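So the sequences go chain by chain: A and B.
Each residue of the first sequence is one higher than the last, beginning at 0 in numbering that gives the first Met the number 0.
Each residue of the second sequence is one higher than the last, beginning at 0 in numbering that gives the first Met the number 0.
Treat the hints as calculated values from the structure; they're not laboratory data.
One or more of the hints may lead you astray.
Said to hold, decoys possible - Straight-line distance between alpha carbons at most 30 Å, and here's what the computed BS3-like set of lysine-lysine pairs gives:
no., chain 1, residue 1, chain 2, residue 2
1, B, 66, B, 126
2, A, 42, B, 108
3, A, 42, B, 66
To be verified - Covered stretches of chain A, as calculated for chain B (at least 3 residues, CB under 8 Å):
no., segment
4, 29-37
5, 49-62
Just so we're clear, the structure is a prediction, and the values are computed from it rather than from any experiment.
Think of the CB as a built atom: it goes at the ideal place given N, C-alpha and C, for glycine as much as any other residue.
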Amino acid sequence: MKIEVNSIKKEVLQGTTIHGLLTQLNIVPQRVAVELNLSVIDKNQFEQVSLKEGDCVEIINFVGGGEAPASSGNTALVGAVQRKGKYGSKQTIYH
Amino acid sequence: MAVNKPFIIDGVEFKSRLIVGTGKYASFEENKKAVIASGAECVTVAVRRVNILDHNSENLLDYIDPKIYKILPNTAGCYTADEAIRTARLARSAGITNWVKLEVIGDTKTLLPDNEATLEATRILVKEGFVVFPYVSDDPIMAKKLQDAGAAVVMPLAAPIGSGLGIRNPYNIQLILEAVSIPVIVDAGVGTASDAAMAMELGCDGILMNTAIAGAKNPILMAEAMNYGVRAGRMAYLAGRMPKKRYAQASSPAEGMIE
Chain A
0 MKIEVNSIKK EVLQGTTIHG LLTQLNIVPQ RVAVELNLSV IDKNQFEQVS
50 LKEGDCVEII NFVGGGEAPA SSGNTALVGA VQRKGKYGSK QTIYH
Chain B
0 MAVNKPFIID GVEFKSRLIV GTGKYASFEE NKKAVIASGA ECVTVAVRRV
50 NILDHNSENL LDYIDPKIYK ILPNTAGCYT ADEAIRTARL ARSAGITNWV
100 KLEVIGDTKT LLPDNEATLE ATRILVKEGF VVFPYVSDDP IMAKKLQDAG
150 AAVVMPLAAP IGSGLGIRNP YNIQLILEAV SIPVIVDAGV GTASDAAMAM
200 ELGCDGILMN TAIAGAKNPI LMAEAMNYGV RAGRMAYLAG RMPKKRYAQA
250 SSPAEGMIE
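Taking the hints into account, I'd like the entire structure generated from these sequences.
See below:
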């Protein structure tokens, strides 16, 4: 099935979990935060939450930066944000 | 005489009043050495997408250990309250901290803060349980509003981000210090150690900088200079400077001169 990860189209197997996706991408889950369709997913849900066709996943981490924007050369999260309305991301899942 | 209030944020006491950024360094290694030389105990980091096509397994936090340093994620690069809130929520879900240095930038040319959006985002993030460090203009009224909104500290700029111009309006910084009871941390615009000392001499509780260190010819040496500058400025503030006078006043006795 097709999903989007950080705005890049990707093909994954049906039933792939967030944890599974991170493993495929060679990303250590402890180091990142994940948003699925604009909802933050708690780390302890990574193995439970399965992806569906058309899902949009954002995977972020901490990079160098101080009082200056986008100094890292990494793609900023920012570009992807505007598609949602006021205070965009849904409230979720914090403990 | 000024009282040496400890530097406490959200129950965490810092010995160092310097907070440093992690942008613009040549390498993680250089960054780490600069942080050590600065003596800082709190380090700000940006939140960015992982590059899934070319994923480097090395991570900033392998060098800046969150067990040793208090990590302060920032919303640098956000231009709306919406983006900043979303970034803050993601940062918190990384599981290291609920602190956030809130930046909502007003325009790309000046990188000055959008104070209105910053206040709006502060209100929401405070309600959601974040410890909010808002970056704001050197405006005492806005500082007071941010305090009322529940900000943990207020971070007025010294000068535009990355400008190195030093404290452009020390009088406003002093007004902010009088206006609020939460810690005042000057953020952005310092260029060299004397700027840091000046901020501290005014009575600021702390100072945050990135470019002044990372942009120096020798960042590690500048980090050490900032360490001393911040401490010297704080000591001078506590000591209380002599009054300024328009005319000379001899410091040696007039009596007993050889004739």
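### Message
If you test the structure against every hint from before, which numbers come out violated?
### Response
2
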